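Modelling step: build the complete structure from the supplied sequences, incorporating the hints.
2 protein chains.
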Amino acid sequence: MNRNSEESKENLCGRSRVLAAQTSLSELSPGSDLHRAITYHQAVPGSEARAKLCIYAGNALGISDEATIGLAAAVETLHNASLIQDDLQDNDATRRGRAAVWKKFGRDVAINVTDLLLSNAFALAASAGPLHAQKLVTTMNRAVARTLQGQTNDLSYEQQTDLDEAIAIAKEKSGALFSLSLELPLIMADHQQSLSQAREIGTLFGIGYQIFDDLLDRDSDRLSGNSANIALMIEETAVTKYKVDTAEELAYYFLSEAASGAAELPSGCGDLLIEKCSALLHALEREAA
Amino acid sequence: MNRNSEESKENLCGRSRVLAAQTSLSELSPGSDLHRAITYHQAVPGSEARAKLCIYAGNALGISDEATIGLAAAVETLHNASLIQDDLQDNDATRRGRAAVWKKFGRDVAINVTDLLLSNAFALAASAGPLHAQKLVTTMNRAVARTLQGQTNDLSYEQQTDLDEAIAIAKEKSGALFSLSLELPLIMADHQQSLSQAREIGTLFGIGYQIFDDLLDRDSDRLSGNSANIALMIEETAVTKYKVDTAEELAYYFLSEAASGAAELPSGCGDLLIEKCSALLHALEREAA
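Residue numbers (my numbering), protein chains in the order written: chain A, 1 to 289; chain B, 290 to 578.
Read the hints as simulated data drawn from the structure, not as lab findings.
Worth double-checking, as some hints may not be accurate.
Unchecked claim - Subject to a maximum C-alpha distance of 20 Å in a straight line, what follows is the list of computed DMTMM-like cross-link-like pairs (lysine to aspartate or glutamate): (1) Lys-104(A) to Asp-33(A); (2) Lys-460(B) to Asp-479(B); (3) Lys-298(B) to Asp-375(B); (4) Lys-104(A) to Asp-86(A); (5) Lys-392(B) to Asp-108(A); (6) Lys-460(B) to Glu-48(A); (7) Lys-460(B) to Asp-506(B); (8) Lys-532(B) to Asp-451(B); (9) Lys-103(A) to Asp-397(B); (10) Lys-103(A) to Asp-379(B); (11) Lys-392(B) to Asp-379(B); (12) Lys-393(B) to Asp-322(B); (13) Lys-532(B) to Glu-454(B); (14) Lys-171(A) to Asp-510(B); (15) Lys-298(B) to Asp-354(B).
Stated by the list, open to error - So the derived list for chain B, only partly shown, Cβ under 7 Å to chain A, looks like this: (16) Glu-316; (17) Leu-323; (18) Asp-397; (19) Asn-401; (20) Asp-404; (21) Leu-405; (22) Ser-408; (23) Phe-411; (24) Ala-412; (25) Gln-423; (26) Ala-434; (27) Thr-441; (28) Ser-445; (29) Leu-573.
Just so you know, these numbers come straight off a predicted model, no measurement behind them.
In this text, a Cβ means the ideal position worked out from N, Cα and C, and glycines have one as well.
Encoded structure:
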């Protein structure tokens, strides 16, 4: 049961983008490197998948539009911080078809932009729900810590060949922010008892999505010798605790687990995540056929 | 009027240090690079000046010890994040007599440690005062933004020669966290009307302290050719909007302004800052005599 139409959900997403941009620039001097770099990054938005999951959940749970926008802006701001930092740390020179922030403005500016966005995310979450601010902020802190733990482990395994290790990293690195897109609205709607399930669902989806992505990159990664691809790893070692033989089966396992978990969340707040799982599962089946 | 004795204030400072350490490690895997790097940095605490200002103010304002500890841990955690990042960005290889975090664990780990501590600071502040969490968090976000603006400007002026510019940078870069040490306890004690004054006092103190520090380094910076020293700059250009001829006079101006402002804060919560100003002013006078 969802209050807002598709159109108005698009509109909320646009408003959350504006709020995130305003928040990030509010204390900066126009013309400064920091101001320019943030404006540059925000000029081309990404898919905003996390903001949309959050808006869908907020709507389903009956949270006010104002609060929903704030939570979505917080989650998407965190995601943007992680992208800018990933590009820097992985030496990826392009993002969204243009030079990455570190490539255009230098490494120090990229580091400072990341810090600012990270800080902004907490202010956005706390302002979205003053009465729930402590829980929103501490939950976000835990998601950030998990993401950083995953990112640090990822960087320290340059030659990843252990499948279970790679999955554990994907769990922390990709899953935590998807979890947060569901956790924050659940906190606002006083569904504390669903939080651990939402965390688990986001984690499962994060791994499933990562394996799906690695499947798309399997051939190019094979050619370029990038061994940190889960779909390549599984060709080398079929023995994992998940008892599957192919990467497709493994992606299928995680995405269907995520979808069944999401179906149990209150008020259908996980339905958009279920849709996303279905779309990925269908794509896998088409590929296999 | 201060509830706690000197001894018990030392004790609160120790407890805030323990709380900060526990918070930073709570989501990390023991043995991981992130865990090791944070433990390494925390093994040698600094002067904890910001935590002590915060504890003094919290006590004076009648805030519970529990909340005071949390706020002090938040401010000191932010300060540690800024130190680790400064060392990285300024290529300073040592901190507190040992290798800096980036030197020992690498640049990527240092960046991730900074992010984690920054994130922790918000969780600590929000948990210290759940009912004031929104205001605590948004005030902290503003201080972080100002610090980053100062740090980014600082890095972009490699050859600083403009005195007013250097002072503007010191204002943002050094002042914001001193301000926060007073602002957070004032928020908890519902003294919203004193916040802008606290912000101004912290800023004045930050600049005064920076110039004092630059005076100590003047001779060595002259020899090494480091022109980004305010005390050296003022020898070159006596024309500033502050109408002073020497760096000593300029430090004196800012420190006495900070002290007079602090004297007007409620319940004597700025008295420790006044003491710090006096100590620095006496040191300047001894030097001049």
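Checked hints:
no.	hint	verdict
1	Lys-104(A) to Asp-33(A)	holds, 11 Å
2	Lys-460(B) to Asp-479(B)	violated, 26 Å
3	Lys-298(B) to Asp-375(B)	violated, 29 Å
4	Lys-104(A) to Asp-86(A)	holds, 15 Å
5	Lys-392(B) to Asp-108(A)	holds, 16 Å
6	Lys-460(B) to Glu-48(A)	violated, 36 Å
7	Lys-460(B) to Asp-506(B)	holds, 19 Å
8	Lys-532(B) to Asp-451(B)	holds, 15 Å
9	Lys-103(A) to Asp-397(B)	holds, 16 Å
10	Lys-103(A) to Asp-379(B)	holds, 19 Å
11	Lys-392(B) to Asp-379(B)	holds, 12 Å
12	Lys-393(B) to Asp-322(B)	holds, 11 Å
13	Lys-532(B) to Glu-454(B)	holds, 15 Å
14	Lys-171(A) to Asp-510(B)	violated, 49 Å
15	Lys-298(B) to Asp-354(B)	holds, 10 Å
16	Glu-316	holds, 4 Å
17	Leu-323	holds, 4 Å
18	Asp-397	holds, 5 Å
19	Asn-401	holds, 5 Å
20	Asp-404	holds, 6 Å
21	Leu-405	holds, 5 Å
22	Ser-408	holds, 4 Å
23	Phe-411	holds, 4 Å
24	Ala-412	holds, 4 Å
25	Gln-423	holds, 4 Å
26	Ala-434	holds, 4 Å
27	Thr-441	holds, 4 Å
28	Ser-445	holds, 5 Å
29	Leu-573	violated, 31 Å
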